[in-house]
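Colleague: One letter stands for each residue in the lines below.
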Amino acid sequence: SQELEQSPQSLIVQEGKNLTINCTSSKTLYGLYWYKQKYGEGLIFLMMLQKGGEEKSHEKITAKLDEKKQQSSLHITASQPSHAGIYLCGAATMYSGGGADGLTFGKGTHLIIQP
Amino acid sequence: SQTIHQWPATLVQPVGSPLSLECTVEGTSNPNLYWYRQAAGRGLQLLFYSVGIGQISSEVPQNLSASRPQDRQFILSSKKLLLSDSGFYLCAWSRGLAGAADTQYFGPGTRLTVL
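Line order of the protein sequences matches chains X and Y.
Here the numbering used here runs 238 ahead of the position in the first sequence, where the first position is 1.
Here the numbering used here runs 241 ahead of the position in the second sequence, where the first position is 1.
Just chain X, with the same shape it has in the complex:
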């Protein structure tokens, strides 16, 4: 089975600073999803990466998938209090068959933004 390891487990960053969260897979990633979760709430979809070397950005958040498709990073520029929460990476299995296999998730990175 596929395992995803996220690092760091928790991160405290001063407002305005940049930060990076990593997600490493034991197997080749065929689809890598980034979600954000506020405490006690559901997951909000951020971005999905599929191709080696792919990079996507939304506002101040950039996600990248390495060429070997085994590692992804999420980078936040000029962090704001609204960025606080839990960031989770999720991976699709090799054959998703219409997405019905579900996703395997990392344990998440808890991000705290200090004013």
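Please note: incorrect hints may appear among the correct ones.
[Unchecked claim] To give an idea of the chain X side of the interface with chain Y (calculated C-beta under 10 Å), a few residues:
no., residue
1, G280
2, M286
3, G290
Bear in mind the hints are in silico, worked out from the structure with no lab data behind them.
Since the structure is predicted, the reported quantities are computational estimates derived from the model, not experimental observations.
Beta carbons are placed, not taken as given, at the ideal position from N, Cα and C, and that holds for glycine.
Dock chain Y against chain X, hints included.
Modeller: The following block gives chain Y in isolation, referenced to the frame of chain X:
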């Protein structure tokens, strides 16, 4: 636009009592539906998924069951709750696209505490 609802938002139940959690999706037809559980220190775990009415696949053997009586309704049940069933239950839906690019969208979750 599509929305996903979960009911109830929070639930406190004694050990041995039955359970019924409901998830409904609006604004789409024939979605894939998923139940996940998020427990402290264990990350997000896929419990069940469904590609259509009456079609349920289980990922983890346990005392929980799922049913899909209608196209956009997904129910998680138990006849007798265990302490270990405590956690945050999340329902998700996807369009059922082939391949890895089948984004899952999550509901607000149900916090279950078994005492």
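Colleague: The structure should be examined with respect to each hint, and the outcome stated for every one.
Modeller: So, going through the hints one by one against the coordinates:
1. Nearest Cβ of chain Y to the Cβ of G280 (chain X): about 4 Å, under the 10 Å cut. The hint holds.
2. The beta carbon of M286 (chain X) is positioned within 10 Å of a beta carbon in chain Y (closest approach about 6 Å), and the interface hint is therefore held.
3. Given the 10 Å rule on beta carbons, the hint for G290 (chain X) is violated: about 13 Å separates it from the nearest Cβ of chain Y.
Comparing the model with each numbered hint stated earlier shows that hint 3 is the single one that does not hold.
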